[in-house]
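Chain residues, written in single-letter form:
Protein chains: 4
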Amino acid sequence: MKNKIRIAILGGDARYLEMTKKLAENNHFELEVVGFDQLNEGFFGVKQTDLEDLSVEELDAVILPVTGIDEDGKINAVFSNQKIHLSTDWFERLSKHVVMFTGISTPYLAEQIATHGLKLIPLMNRDDVAIYNAVPTTEGAIMLAIQHTNFTIHDANVFVLGLGRVGMTVANKFNGLGANVFVGARKASDLARVNEMGLNGFHLDEITTYTESCDILINTIPASIVTSDVLKTIKSNALIIDLASKPGGVDFAYAKKRGITAIHALGLPGRVAPKTAGEILAKVINQCIL
Amino acid sequence: MKNKIRIAILGGDARYLEMTKKLAENNHFELEVVGFDQLNEGFFGVKQTDLEDLSVEELDAVILPVTGIDEDGKINAVFSNQKIHLSTDWFERLSKHVVMFTGISTPYLAEQIATHGLKLIPLMNRDDVAIYNAVPTTEGAIMLAIQHTNFTIHDANVFVLGLGRVGMTVANKFNGLGANVFVGARKASDLARVNEMGLNGFHLDEITTYTESCDILINTIPASIVTSDVLKTIKSNALIIDLASKPGGVDFAYAKKRGITAIHALGLPGRVAPKTAGEILAKVINQCIL
Amino acid sequence: MKNKIRIAILGGDARYLEMTKKLAENNHFELEVVGFDQLNEGFFGVKQTDLEDLSVEELDAVILPVTGIDEDGKINAVFSNQKIHLSTDWFERLSKHVVMFTGISTPYLAEQIATHGLKLIPLMNRDDVAIYNAVPTTEGAIMLAIQHTNFTIHDANVFVLGLGRVGMTVANKFNGLGANVFVGARKASDLARVNEMGLNGFHLDEITTYTESCDILINTIPASIVTSDVLKTIKSNALIIDLASKPGGVDFAYAKKRGITAIHALGLPGRVAPKTAGEILAKVINQCIL
Amino acid sequence: MKNKIRIAILGGDARYLEMTKKLAENNHFELEVVGFDQLNEGFFGVKQTDLEDLSVEELDAVILPVTGIDEDGKINAVFSNQKIHLSTDWFERLSKHVVMFTGISTPYLAEQIATHGLKLIPLMNRDDVAIYNAVPTTEGAIMLAIQHTNFTIHDANVFVLGLGRVGMTVANKFNGLGANVFVGARKASDLARVNEMGLNGFHLDEITTYTESCDILINTIPASIVTSDVLKTIKSNALIIDLASKPGGVDFAYAKKRGITAIHALGLPGRVAPKTAGEILAKVINQCIL
Ligand SMILES: NC(=O)c1ccc[n+]([C@@H]2O[C@H](COP(=O)([O-])OP(=O)(O)OC[C@H]3O[C@@H](n4cnc5c(N)ncnc54)[C@H](OP(=O)(O)O)[C@@H]3O)[C@@H](O)[C@H]2O)c1
Ligand SMILES: NC(=O)c1ccc[n+]([C@@H]2O[C@H](COP(=O)([O-])OP(=O)(O)OC[C@H]3O[C@@H](n4cnc5c(N)ncnc54)[C@H](OP(=O)(O)O)[C@@H]3O)[C@@H](O)[C@H]2O)c1
Ligand SMILES: NC(=O)c1ccc[n+]([C@@H]2O[C@H](COP(=O)([O-])OP(=O)(O)OC[C@H]3O[C@@H](n4cnc5c(N)ncnc54)[C@H](OP(=O)(O)O)[C@@H]3O)[C@@H](O)[C@H]2O)c1
Ligand SMILES: NC(=O)c1ccc[n+]([C@@H]2O[C@H](COP(=O)([O-])OP(=O)(O)OC[C@H]3O[C@@H](n4cnc5c(N)ncnc54)[C@H](OP(=O)(O)O)[C@@H]3O)[C@@H](O)[C@H]2O)c1
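Protein chains in written order, with the UniProt record's numbering: chain A, 1 to 290; chain B, 1 to 290; chain C, 1 to 290; chain D, 1 to 290.
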């Protein structure tokens with residue numbers, strides 16, 4: 001009889017609840033969770049342990065929080081008051097075949113991985129995770145667009161900057177809601193795809209010749225794109241939603257000066273759909289382990 | 001030279017600001033507004049008057065609030081502290097060719113109209129207004145669905161009850177967001193249309209054989225449809241949004257008992273998109289007058 | 001034990017093959033077919049009979065061809081060389097509770113029904129059948145549009161006249177293919193629905209102010225709509241597809257004079273998708289009988 | 001004053017008519033065409049020349065047929081009876097700054113380009129051209145699917161193999177027509193995108209567990225994918241359309257043996273929409289030259 005795959009989940013946020021439930025459905029896995037002590041024992045039907053009680057040497061996989069490990073070796077566990085610290089000694093005890101999952105890599109984590117010759121899978125870097133997460137991200141943007149405007153998305157002129165993994169989904173879904181979608185991109189192939197999607201495309205170099213009609217602008221480009229020059233052309237009752245990671249792509253100070261509402265909306269999957277976000281992680285971890 | 005059409009707008013809410021602006025763009029119209037005295041004079045560029053200063057005899061059209069006139073003859077003016085009362089004498093002074101607009105007719109109003117032989121257009125009864133308003137109503141439902149669930153609309157099983165003016169739009173837009181939409185209706189032709197829309201249809205008589213898989217239920221039928229028998233089949237983490245006018249179609253007490261979140265969401269166009277709602281009114285009034 | 005429902009299928013075309021197969025799956029039914037003698041015995045697994053061998057008195061339902069009965073009492077049976085004639089005597093023998101199905105009623109048939117006090121269901125008059133058939137009709141129009149133009153439907157300006165059962169589907173599907181769809185209608189509520197569908201609407205009275213940009217025009221209105229005045233405004237390399245029943249809504253003679261390709265495309269469901277068309281008939285007959 | 005850009009178009013098929021017309025609209029260009037002598041002089045309003053009369057030394061750009069140059073140096077000119085041969089001497093006369101366009105590169109052409117140090121743009125290799133052409137390709141597949149089945153695309157189970165430039169458009173458009181689309185791919189990110197598009201995805205390794213339900217299979221993968229093992233699982237009344245370039249991805253001999261209709265449909269843009277295909281070429285050439 002084949003042995004079960006032993007997996008430890010160390011810390012994490014609301015997404016990890018659903019992720020753990022889903023992983024627990026796979027009966028090839030034997031799970032233990034650390035850092036969920038504020039939850040009722042029966043919550044997942046999964047064994048809760050303290051870090052020191054974990055049989056570290058026998059683990060096949062370790063799942064760290066989406067945020068990785070901070071510079072002091074601590075991890076984030078929102079359902080625990082304990083401090084969870086993963087020392088060099090702790091990493092030393094891990095078997096060489098262990099697979100570590102994290103959302104993003106961090107300097108401390110990268111160093112441990114290198115030192116001990118381990119395998120790290122930073123989930124948020126994966127194309128499939130980014131595409132799956134684009135859906136809850138977009139729903140978050142839709143919610144904000146409805147909340148922060150006094151007009152409908154339907155028939156509004158919605159500008160989407162970037163046609164990457166998030167941008168394509170944002171463009172698709174706002175189109176599905178009846179907006180007039182304009183996509184700004186810099187690659188000829190992206191503009192061809194925009195045309196194929198039945199949307200209006202423009203080259204980012206010419207953005208200011210289009211933005212006057214913009215009602216809602218959604219930026220997905222992690223670069224300084226919505227500069228003061230662009231903002232000058234935008235109506236003061238337009239809404240700007242910046243989805244790009246810090247520092248974002250919008251000159252927020254200038255937007256404020258012009259009286260334009262500009263929202264830097266980060267971490268949307270975990271905020272609007274932690275259950276879905278957890279299922280996404282479980283699905284991909286499942287595929288990576290099997 | 002043709003005379004201008006003289007229109008008085010008496011009271012109203014946020015929707016009436018945009019409506020007034022739009023009507024003011026038509027230069028065949030001469031507008032006066034009563035009941036907006038809390039707003040800055042220059043706000044619309046439209047003349048503000050008191051009821052007593054209005055040349056009632058010369059009016060061609062009168063626009064009453066969406067809510068009509070209450071049993072005491074008073075109208076609702078959210079941008080004024082004054083009480084506006086339309087007496088039988090006031091109606092007596094109106095020209096016989098005047099057209100009166102209201103959202104809904106009310107007993108007092110109906111009586112005045114009958115007594116004085118006037119023409120009344122209750123806008124909210126009109127098919128075109130109901131269809132245009134279905135869009136902001138649906139966006140309101142989408143916002144609620146994103147806010148009150150921890151999963152995405154995408155891939156969720158969304159049940160829409162009724163394929164009337166609102167139901168068709170709700171079904172269309174949730175489909176546009178990637179939900180698996182199931183529509184319950186009672187007419188064979190509605191079920192045929194559901195199939196043509198690429199959605200799943202079921203006869204309302206058989207609702208309980210389907211509802212177990214329901215993640216979000218949106219009712220548009222103004223009749224007791226989501227009874228305790230139906231609610232018994234629904235998962236406790238499902239979300240119910242009832243859009244039907246009071247008293248709605250959901251057994252809210254029973255839903256509460258079962259721990260199911262059930263929201264009776266009324267007046268959504270005015271809440272989520274007053275500007276669009278105002279434009280809709282202006283568009284239809286324009287067509288009715290011209 | 002409940003008796004089976006006895007159904008005779010008399011004549012019919014390719015659609016009736018699939019219809020018969022589907023009805024035969026219902027084991028409450030006992031089927032006999034007349035007028036399919038050119039087909040192999042085992043084709044349907046359904047009993048083939050001659051008209052004279054039919055136990056007419058015992059029938060519960062009779063299914064006539066889509067085209068009904070001609071003025072001489074003959075029916076159309078494309079899979080037979082025999083002449084099938086339904087005389088007054090034959091009708092006389094039918095039980096009073098029998099249900100007769102036909103596509104359309106015809107004078108001879110209507111007279112027999114009236115004389116003998118029978119129940120007739122002309123399937124093509126039903127809303128549900130018309131909506132289901134709108135799908136294969138539209139696919140036929142799509143095929144013609146691809147065949148008879150040298151440009152793509154995607155990005156073409158496609159004008160749809162009428163927003164009835166066929167028009168709505170035509171508009172929906174051409175939109176799904178990326179066309180810029182313009183719908184002409186005369187009802188304010190239809191124009192509201194067109195807006196909600198995310199399409200461009202215009203009042204039929206103003207058609208000539210829009211048609212200059214038209215690449216493909218699809219008429220669904222059974223009235224003289226595409227007159228010489230309209231045709232004058234249309235580009236000579238545009239394509240016109242008239243779906244309306246005879247005589248259609250297009251001035252074909254004038255179109256020819258102007259060198260515009262105009263196709264009167266009738267009976268599309270039976271031509272492009274007889275299997276689907278047969279399934280539709282079976283589905284609705286099933287619902288009517290049960 | 002800036003000089004005009006001198007462009008020679010040498011040979012080509014129906015697509016080149018529209019392409020030439022579109023390029024002629026750009027008044028920075030001075031065009032000459034060779035190999036269109038069967039057409040009326042006034043057809044394009046563009047100067048027709050013989051190869052020997054061309055001022056080769058002064059050209060800024062040369063546009064060759066989509067098919068490039070054959071091994072003997074000849075090019076394909078469907079609107080001419082003349083043989084057009086481009087010798088090494090002819091290439092020698094070209095200025096070093098000339099840009100040459102072709103659909104695909106060929107050995108003879110590649111050699112000339114290398115020998116004379118010229119710049120060649122094989123249009124069909126470009127991502128943007130492939131994406132634009134995916135649209136007429138897909139419309140061709142739609143036409144074939146309607147013609148060669150007796151059921152509707154709506155509600156049919158349509159399998160699309162590959163989610164490249166063509167596959168994505170095929171999947172999108174058949175979805176737009178109401179098919180149940182299943183996409184087979186091998187990359188996890190492609191399967192994530194399929195989910196985001198609201199379609200069903202499966203890994204190509206598991207294709208045979210899905211194909212039993214397939215009504216229409218459309219292959220876009222230029223590799224042996226639809227093998228006899230796959231064909232064994234497919235219904236004999238299913239339709240297979242292979243879009244992949246020669247030799248395609250389908251075991252046609254085996255399909256024939258099993259009685260399955262399998263069509264190898266190549267060159268669809270030029271066949272179903274030469275005007276659009278020509279516009280695509282003109283658009284991209286314009287962008288490359290400017
Ligand atoms: N707010 C949230 O909740 C949330 C959720 C998920 C992701 N995100 C963030 O959203 C952003 C986009 O994520 P993604 O997955 O879509 O990334 P992606 O697939 O890499 O797409 C990035 C897009 O930005 C464009 N771009 C990058 N640099 C550019 C520049 N200098 N000028 C013009 N265009 C440029 C890229 O175009 P090229 O292809 O031409 O380079 C591409 O279209 C990231 O910052 C990500 O962290 C936020
Ligand atoms: N929440 C908001 O902000 C908001 C906004 C707009 C409208 N509304 C309300 O939403 C409701 C629907 O409006 P609408 O414009 O869509 O109305 P509608 O066009 O009349 O549609 C009503 C639908 O309910 C069905 N129905 C009515 N009585 C039924 C019964 N006893 N059993 C089964 N089905 C029944 C109708 O089916 P049949 O065709 O078979 O009768 C139809 O599909 C109304 O109460 C309206 O006041 C609310
Ligand atoms: N070619 C085929 O294979 C095929 C297949 C199915 C049906 N058909 C034919 O297609 C036609 C449409 O069928 P349908 O089921 O869509 O019918 P329908 O539901 O009755 O729709 C007819 C449409 O035409 C409009 N209309 C009628 N008379 C008009 C007039 N005088 N002026 C302006 N608009 C007018 C109606 O508008 P209002 O609502 O304002 O009256 C409605 O939008 C019929 O002739 C039918 O026999 C053909
Ligand atoms: N019939 C016509 O009129 C017409 C028109 C245009 C194009 N075409 C032809 O259609 C085909 C597709 O063109 P395209 O532009 O879509 O190409 P593409 O963008 O390169 O896409 C090719 C697809 O095939 C997949 N693939 C390739 N080799 C594979 C293998 N061994 N196993 C599994 N999947 C494989 C690729 O997946 P990965 O990303 O995983 O490699 C990708 O999804 C080409 O042969 C092209 O010449 C035909």
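Some hints could be false.
Pairs involving identical chains hold if they fit within one copy or between any two copies, as the list cannot separate such chains.
[Said to hold, decoys possible] Derived pair list, reagent style PhoX-like, types lysine-lysine, alpha-carbon separation capped at 20 angstroms:
id, residue 1, residue 2
1, Lys4, Lys83
2, Lys257, Lys283
3, Lys96, Lys256
4, Lys47, Lys257
5, Lys275, Lys235
6, Lys187, Lys4
7, Lys22, Lys83
8, Lys246, Lys235
9, Lys119, Lys22
10, Lys22, Lys235
11, Lys283, Lys187
12, Lys235, Lys21
13, Lys119, Lys275
14, Lys275, Lys257
15, Lys246, Lys74
16, Lys74, Lys232
17, Lys4, Lys22
18, Lys232, Lys283
19, Lys4, Lys21
Read the hints as simulated data drawn from the structure, not as lab findings. What you are looking at is a predicted structure, and each value in this text was computed from that prediction instead of being measured.
Against the structure, the hints come out as follows:
1. Lys4 <-> Lys83: neither (29 angstroms within a copy, 73 angstroms between copies)
2. Lys257 <-> Lys283: neither (44 angstroms within a copy, 34 angstroms between copies)
3. Lys96 <-> Lys256: neither (52 angstroms within a copy, 53 angstroms between copies)
4. Lys47 <-> Lys257: neither (53 angstroms within a copy, 32 angstroms between copies)
5. Lys275 <-> Lys235: Result: close only across copies, 15 angstroms inter versus 37 angstroms intra.
6. Lys187 <-> Lys4: Classified as neither; 48 angstroms inside a copy, 27 angstroms across copies.
7. Lys22 <-> Lys83: Close neither inside one copy (26 angstroms) nor across copies (60 angstroms); limit 20 angstroms.
8. Lys246 <-> Lys235: For lysine 246 and lysine 235, neither the intra-copy (25 angstroms) nor the inter-copy (39 angstroms) Cα distance is at most 20 angstroms.
9. Lys119 <-> Lys22: neither (23 angstroms within a copy, 56 angstroms between copies)
10. Lys22 <-> Lys235: The answer is between: 18 angstroms across copies meets 20 angstroms, while 46 angstroms in one copy does not.
11. Lys283 <-> Lys187: So lysine 283 and lysine 187 pass the 20 angstroms test across copies only (15 angstroms; inside, 32 angstroms).
12. Lys235 <-> Lys21: between (47 angstroms within a copy, 17 angstroms between copies)
13. Lys119 <-> Lys275: neither (27 angstroms within a copy, 54 angstroms between copies)
14. Lys275 <-> Lys257: Intra 38 angstroms, inter 24 angstroms, cutoff 20 angstroms: neither.
15. Lys246 <-> Lys74: Neither: 22 angstroms inside a chain and 54 angstroms across chains, both beyond 20 angstroms.
16. Lys74 <-> Lys232: Answer is neither: 44 angstroms inside a copy and 46 angstroms across each miss the 20 angstroms cutoff.
17. Lys4 <-> Lys22: This pair counts as within: shortest intra-copy Cα distance 16 angstroms, inter-copy 49 angstroms.
18. Lys232 <-> Lys283: Cα proximity of lysine 232 and lysine 283: none, with 44 angstroms in one copy and 31 angstroms across.
19. Lys4 <-> Lys21: So lysine 4 and lysine 21 pass the 20 angstroms test inside one copy only (17 angstroms; across, 51 angstroms).
Hints 1, 2, 3, 4, 6, 7, 8, 9, 13, 14, 15, 16, 18 from the earlier list are contradicted by this structure; the remaining hints agree with it.
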